[in-house]
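Chain by chain, the residues run as shown.
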Amino acid sequence: MDVGLGNFCSIEHWLNKSGLLSRRVSKVADFSDDAIIIPGVASAGEFMQRLNQSGMDKEIIKRAKSRQKIIGICLGFQILTNFSDEDGGVKCLGLLNGQTKYLRGAKTNNGWYPFNLDTRKIINNVHIPLHNKKKIKGRVFFNHELRVDLENSKDLHTSNLSNGITSFAFKENIFGFQFHPEKSQSTGRELLRLII
Amino acid sequence: MSFRVGSTLLLSKDCFALQSYNFNTKRILGSVENALHFLDEYEVDEIHVIVPLKGKSNFISSEVFSKLINIPISTPVTIGGGIQLKDLKILLKDPFFERIVFNSAIFDGDEVLNTVALLMGRQALIACMPFIIDNHKLLVYNSRLNKFISISQDLWRKINKIFNEIILLDANAEGTKRGFNFNALDLIQFPIDRTLISGGITNQDILNARKLGLAGVTIDNWVLHSESSVKGVYK
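Chains as they are written, first to last, in the numbering used here: chain S, 1 to 196; chain U, 197 to 431.
Note that these hints are calculated values from the structure, not bench results.
Wrong hints could be hidden among the right ones.
Quick look at which bits of chain S chain U covers, simulated, 3 or more residues with Cβ under 8 angstroms [as the list claims (entries may be wrong)]:
hint	region
1	36-44
2	115-127
Partial pick of chain S residues on the chain U-facing surface, computed with a CB cut under 10 angstroms [as the list claims (entries may be wrong)]:
hint	residue
3	PHE83
4	GLY94
5	GLY111
6	GLU145
7	ASP149
8	ILE195
We treat Cβ as the ideally placed atom computed from N, Cα and C, and that holds for glycine.
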């Protein structure tokens, strides 16, 4: 997704290093049926405004409902929720039931955390290709001041950090990461190979 | 959250990696591409790419930093050095970095700092504070004035409000392994768990910094120069 905001280049490097092809999509007519990545490193208000103006918000929702894989990273994860408190409050895509809020006490969360994922322990409606690797153990990089709070549901798989922050959430074809897999070195590349 | 061991990569205005000694002498290390690739391979926790500026300058930071966008690394990056509002407009179109480090803006750059906070979030703001200690008093370098000055209570309050983290750079120890002057930590008014230290860092300093609960260390030269790995420095 290219709305003129976000760290596309870092994401392209991440994809290229993992041997995957990518192209930037900046209007509705450019969409294909491949996985869609919504980038981070921007603010929700401006990003959603550009999505709305281009009509890409409705297109993403439509494609998500038709089971196309959607991957949101950091801000891209936050705007998958119903609403974000950033920029005075922003209506978001509503693909994950929940809200994005500022971390308590005007805090931020920066740094590396351990990451463990065993796909055999994930509910089986999540669209992870069967042939892919089953386990990842490494570390991932966080850099954010808002957190995603999701409502529990039986078709949602989430993982939280020890401080309660949602690290990632999977729901069928929707994949949201609060951390930056594209800046998480070898763990980030393993993760990409697992979900795509 | 983990203690971080990062590296500072100094960059010349013509985009070469630099080595700096004692905040004074500089020599060219080589290509910035190679330096960034090495640091990425070493899996340092973060890389601070900084163009060191002294005094007033016509330097356009976006021209230099834009050249780094095509270097494929997967390590978190901070950039810094002469970044102004007009540079932000260019650099934030496709940021290959997650954070920005400021020095002279600490003293008089409210507009650029507020813009970064608005567009990238407060987590993106780091204050770079090279220091010397003179007669038990902390003096912090202001690159625009090209001199070390004291920090008022009001300015410390502003730093606390605006910046997410600070990097304390021991100017006298920079480029050496003589050890960071930990006395500086008694002279700052900023949370220690959001403070990174740099300059003269030794293996013992890294252990001490961890024990004290600092956010991390930034090793200025010897990750590159001594072929040290992050795993190596923990030994």
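Do the hints match the structure? See the list:
1. 36-44: The restraint on the region 36-44 of chain S holds, since 3 of its residues have a Cβ under 8 angstroms from chain U and three suffice.
2. 115-127: violated (count 0)
3. PHE83: Since the shortest Cβ distance to chain U is 17 angstroms, the answer is violated.
4. GLY94: Given a least distance of 22 angstroms, the restraint on S:GLY94 is violated.
5. GLY111: Constraint on S:GLY111 satisfied, holds at 4 angstroms.
6. GLU145: holds (5 angstroms)
7. ASP149: Result: violated, 18 angstroms to nearest chain U Cβ.
8. ILE195: violated (16 angstroms)
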